[in-house]
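Visitor: Sequence:
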Amino acid sequence: MEYLKSGLKSVLGGPQPGTQPTGAETVEKLVHRVTSSTLLEDRRNACRALKALSKNYRLEVGAQGMDALRQTLEVDHADCEIIGYCLDTLCNITSVENFEEEKEGGVRLNVNVGEQFTEMFIKNPDNVSLVLSFLEEYDFRVRWPAVKLLTSLLSNKPKDIQEIILVSPMGISKLMDLLADSREVIRNDALLLLIQLTKANANIQKIVAFENAFDRLFEVMREEGWLDGGIVVEDCLLLMLNLLKNNTSNINFFKEGSYIQRLAPMFVIPENIEETGWSPQKVSNIHCVLQLIRTLVSPHNPVQITSVCQKNMRNANLLEVLCGILMESGVPADILTETINTVAEVIRGNLNNQEYFCTVNAPSNPPRPAIVVLLMSMVNEKQPFLLRCAVLYCFECFLFKNEIGQQQVVQTLLPSTNNNSSLTTGQLLCGGVFNLDPLSNWFSSVALSHTLIENPAQKEQLLRVLLATTLGTQPVSLLHQCATFLQQTTKLQSKIGLLMLLATWMAHCPPAVSMFLNVPGAMAFLTAQSSATEFDNNEEVLQGMCAFLMGICVVFNDNSVPNYSKENLSQLIEKRIGIETYISKLSDISRNEMYAKAAKQPQLKAKYPNDLLLEFEFCKLFKALESTIVKTLGAQKQLSNGMTELSLSEQENGLLLQYKDVIRDQDRRLQELQRELSKVRAEHNDLHVQSEEIRIANLQLQDENTLLKAQLSAGAVHPLPDNVPLIENGVGDDRDLLAKIKQLEGENLEKDAELERLHKDQDDLLELLTDQSSRLNAFKARLRELGENIEDDDDSDVNSIDENDVK
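The sequence shown stops at residue 807 when you use UniProt numbering, and every number in between is there.
Treat each hint with caution, since some may be false.
[Said to hold, decoys possible] Straight-line Cα separation of at most 20 Å, PhoX-like style, residue types lysine-lysine; simulated pairs:
#1 Lys199 with Lys245
#2 Lys382 with Lys607
#3 Lys605 with Lys620
#4 Lys199 with Lys311
#5 Lys245 with Lys159
#6 Lys199 with Lys159
#7 Lys29 with Lys55
#8 Lys597 with Lys620
#9 Lys620 with Lys631
#10 Lys157 with Lys199
#11 Lys751 with Lys679
#12 Lys245 with Lys605
#13 Lys566 with Lys401
#14 Lys597 with Lys607
#15 Lys623 with Lys597
#16 Lys600 with Lys623
#17 Lys566 with Lys631
#18 Lys760 with Lys679
#19 Lys123 with Lys159
#20 Lys123 with Lys157
#21 Lys600 with Lys620
#22 Lys245 with Lys255
#23 Lys199 with Lys174
#24 Lys600 with Lys245
#25 Lys575 with Lys623
#26 Lys382 with Lys311
#27 Lys311 with Lys255
The hints are simulated quantities; they were obtained by calculation from the structure and are not laboratory data.
No experiment lies behind these values; they were computed from the predicted model shown.
Kindly produce the complete structure, drawing on both the sequences and the hints.
Guide: Listed below in C-alpha cells is the structure:
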C-alpha cells in the first residue's frame with residue numbers, strides 16, 4: 001500500500017490537507033490523466049497506478065477506465081511498458097476470479113463482474129484483434145499479459161472469442177508461435193490458452209492441427225521428460241485430446257503422420273517404480289495418454305479409421321506395452337482400470353489384436369493366461385467395482401466379432417479327454433453364474449452371453465454342457481440349471497443377468513427353446529412374472545424381460561414340445577396375461593431409464609453396483625425382436641379358430657398334400673432368392689463403405705486446399721504436413737491436388753456404374769420375389785378355401801421384403 005500511495009502522490013500531486021479521496025475519485029483522476037496528459041511519462045505513471053488499483057477497485061477501474069485503456073493500446077503501442085500496464089489492468093478487470101483485495105475496496109458483487117467487462121470489451125471485435133497483434137511483440141512485459149488477457153476473455157465468452165479469432169488474419173498462427181517461446185511461463189500459459197480455444201470447435205481444431213500442433217506438443221513433452229514430466233505434459237495431452245475427440249479429420253491426420261508410434265515413450269515405466277511409487281502427476285499423465293489412445297480407437301469412430309489405428313498400435317508395440325502394464329505389480333487401481341478399458345478398445349473387433357491378447361500370460365508360476373487372471377478379478381467380490389466392470393468390457397471386446405475366441409471359451413466347458421486341471425475361462429464363468437454374489441451372477445451371465453452373439457453354432461454347442469449340481473445326482477444341462485436357478489434366486493440383479501443370458505441363447509435357436517420348455521416350472525415362472533400387476537425397485541424390468549423370453553419361446557418354437565407348441569403358448573399369453581397387458585410389459589423395458597443408458601454405448605457406465613441391470617448387446621437384441629414378437633402373437637391370434645386337417649375329406653387331404661409340396665418348393669426357391677439378395681446387399685454395403693472412404697479423403701483434400709489458399713492469401717505459408725501438395729517458390733501449386741481429385745469424382749464414376757448394375761440386379765430379384773409371392777398367396781388362398789390352417793409367419797417375412805427394403 002505504501003508503494004500505491006507514493007505512486008498516487010506522484011501522479012495526483014498528493015491529497016489536500018484534511019481530505020481523503022475515495023477510490024472512485026482516485027480512479028476518475030487517473031483515467032483523466034491517461035486521456036489528457038501530453039507527456040508519455042505521465043500517462044505511464046497513471047496506467048501503473050490504475051493497474052495497482054484494479055484488484056481493489058475492479059468495478060470502478062473497469063467502468064471508468066476501459067475506453068481509456070483501449071485508447072492507450074492504440075496510441076502508445078510502441079511503448080512496451082505502458083502497454084504491459086494496460087494489458088495487466090484489463091486482465092484483472094476481466095478475470096473470472098474474485099480477488100481478496102476487493103473486500104478492501106468495497107462490497108463484493110454477486111454478479112460475474114469479469115464476464116460483464118468481457119462483454120463490453122468484445123463488443124468491438126477489433127479490440128480482440130488488437131490484443132492478438134501484441135503477441136508478435138517479443139518483449140516479456142507485453143507478450144505475457146496479452147496471453148493472460150486472451151485466456152480471461154476466452155474463459156468468460158468462449159464461443160464469441162473463438163469466432164473472432166477464427167476470422168482474424170493469422171490469429172491462430174500467432175498463438176501457435178507461442179509454443180516455440182523459450183520462456184517457459186509464456187509457453188505454458190499459451191498451452192492453457194489453446195486448450196480453452198480448441199474446445200468444441202472443429203474448425204479451430206483442424207487449423208491448429210495443420211499448424212503442426214502435434215509436432216510441437218511432442219517436442220514439448222520430450223523436453224519435459226515424457227511420463228515423468230510435470231503438469232505441462234498433462235496440458236499437452238489435454239490439448240491433443242481436444243484436437244482429436246470427435247474430429248475424424250484430425251484423427252486421420254494423426255494416424256497418417258505416424259504420431260501413434262511417437263506415443264511409445266509415454267509408457268516407459270521405471271524399473272524401480274515399486275520403490276519410488278506413482279506420484280499424483282504421473283498418474284494424471286498416464287490417465288491422459290490412455291484417454292488419447294481410446295479416442296483414436298473409440299467404437300464411435302468410423303470403422304475403417306478405428307481399424308487402421310488398431311493396426312498401427314499393434315505395429316508400434318503399444319498393445320504389448322499396455323498388456324505389460326496389466327500384468328505389472330504395484331499399479332494403482334485407477335490406472336489398472338483405465339488400462340484394461342484401453343486394451344479393450346484396442347482389440348475390439350480386430351482379430352489380430354484379439355489373437356495377440358489371447359497369448360498374453362501373467363507372470364505367475366505356473367503361467368496363467370491374462371484372460372483367466374482378469375476373469376478371476378471379475379468374479380471376486382472383494383475387487384473394486386469399477387475394475388470388475390472394466391474386466392467385463394475387456395472380455396466383451398475380446399469376443400466382439402471373434403468367432404474363434406467364442407469357440408475357445410465354449411470349448412473349455414465341453415467334455416474333454418485332456419486331464420489339464422488348470423482353471424479355465426468357462427469354469428470361472430459358470431462358477432460366477434451360480435455363486436452367492438448377485439453382481440458376480442450378473443457379470444458372468446453377461447460375459448457368457450457374449451460367447452453366443454451372432455454365433456448359432458456355439459449356441460448348440462453350449463447345449464452339450466453338463467453340470468453336476470450335487471454329489472451322486474445325475475448331471476443336468478447348463479441351460480436347465482440356469483432356468484432352475486432363475487426360479488430359486490431372490491436377487492433382482494441375478495435374475496436379470498440370467499434372463500439376458502437365456503434370451504441371447506434361445507433367440508434364433510429352436511433346440512435351446514425346446515430344452516427350456518422342458519424345464520419344470522420354467523414357463524409357469526415366466527407367466528407369473530409377466531402377469532404380475534404390482535412392482536417396485538425396477539421390478540417392471542424383470543417382468544418385461546420375462547415377457548420378452550416368453551415371446552422368444554413363441555417366435556423360435558419348432559413345436560417339438562407338444563404342451564408348449566407355438567399356438568399353445570400364444571393362447572397362454574392371450575388368456576393368462578392378455579395381449580394388451582403383454583405388450584405393455586414389453587414396452588416397460590425400453591421405457592426404463594436403465595435401458596436408455598445401456599443402449600448408448602458398449603462400455604458399462606455405472607457408479608454403483610445397483611446401477612447395473614441391462615447391457616448394450618441385449619438392448620440391441622431386444623430392439624431387433626420386439627416388433628417380431630408382437631407381430632407373431634397377432635398372427636397366431638388370427639389363426640386360433642381355424643380348421644384342422646381332420647375336418648377334411650380324403651380327396652381334399654390329397655389335394656392339400658399336393659399344395660403343401662408346391663408351397664415347400666416355392667419356399668425353397670424363395671430362400672435361395674433371399675440368400676442371393678443378401679449377397680447383393682453385402683456387395684452394395686461394401687461399395688457404400690468404399691464410397692464413404694473416398695468421400696472422407698476428398699473432404700480432407702478440400703480442407704487442406706482451403707487451408708493452403710488461406711495461408712497464401714494471408715501472405716505467409718507455414719509448414720504443412722507431408723500429404724499437402726508441394727509448394728514451389730513460395731507459391732502453392734494445386735495441379736497435383738486437382739489431379740488427385742480427378743482421379744477420385746473418375747473412381748466414383750466406376751463405382752456408380754457398378755452400383756447401377758447392382759440396382760438392376762436387385763430390380764430383377766424384386767420382380768422374381770413379387771411373382772413368387774403372388775403364386776404362393778394364390779396357393780394359400782386355395783388351402784384356406786379347403787379349410788386348412790395356414791401359419792402366416794413365413795408369409796409375413798416374405799411380404800415384408802418390399803421395394804424399399806431391397807433398395
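Visitor: None of the hints should be skipped; say for each whether it holds.
Guide: Hints and how they fare:
{"no.": "1", "hint": "Lys199 with Lys245", "in the structure": "holds (10 Å)"}
{"no.": "2", "hint": "Lys382 with Lys607", "in the structure": "holds (16 Å)"}
{"no.": "3", "hint": "Lys605 with Lys620", "in the structure": "holds (17 Å)"}
{"no.": "4", "hint": "Lys199 with Lys311", "in the structure": "violated (29 Å)"}
{"no.": "5", "hint": "Lys245 with Lys159", "in the structure": "holds (18 Å)"}
{"no.": "6", "hint": "Lys199 with Lys159", "in the structure": "holds (9 Å)"}
{"no.": "7", "hint": "Lys29 with Lys55", "in the structure": "holds (17 Å)"}
{"no.": "8", "hint": "Lys597 with Lys620", "in the structure": "holds (13 Å)"}
{"no.": "9", "hint": "Lys620 with Lys631", "in the structure": "holds (18 Å)"}
{"no.": "10", "hint": "Lys157 with Lys199", "in the structure": "holds (12 Å)"}
{"no.": "11", "hint": "Lys751 with Lys679", "in the structure": "holds (17 Å)"}
{"no.": "12", "hint": "Lys245 with Lys605", "in the structure": "holds (19 Å)"}
{"no.": "13", "hint": "Lys566 with Lys401", "in the structure": "violated (32 Å)"}
{"no.": "14", "hint": "Lys597 with Lys607", "in the structure": "holds (12 Å)"}
{"no.": "15", "hint": "Lys623 with Lys597", "in the structure": "holds (14 Å)"}
{"no.": "16", "hint": "Lys600 with Lys623", "in the structure": "holds (13 Å)"}
{"no.": "17", "hint": "Lys566 with Lys631", "in the structure": "holds (13 Å)"}
{"no.": "18", "hint": "Lys760 with Lys679", "in the structure": "holds (14 Å)"}
{"no.": "19", "hint": "Lys123 with Lys159", "in the structure": "holds (14 Å)"}
{"no.": "20", "hint": "Lys123 with Lys157", "in the structure": "holds (11 Å)"}
{"no.": "21", "hint": "Lys600 with Lys620", "in the structure": "holds (10 Å)"}
{"no.": "22", "hint": "Lys245 with Lys255", "in the structure": "holds (14 Å)"}
{"no.": "23", "hint": "Lys199 with Lys174", "in the structure": "holds (18 Å)"}
{"no.": "24", "hint": "Lys600 with Lys245", "in the structure": "holds (17 Å)"}
{"no.": "25", "hint": "Lys575 with Lys623", "in the structure": "violated (26 Å)"}
{"no.": "26", "hint": "Lys382 with Lys311", "in the structure": "violated (36 Å)"}
{"no.": "27", "hint": "Lys311 with Lys255", "in the structure": "holds (10 Å)"}
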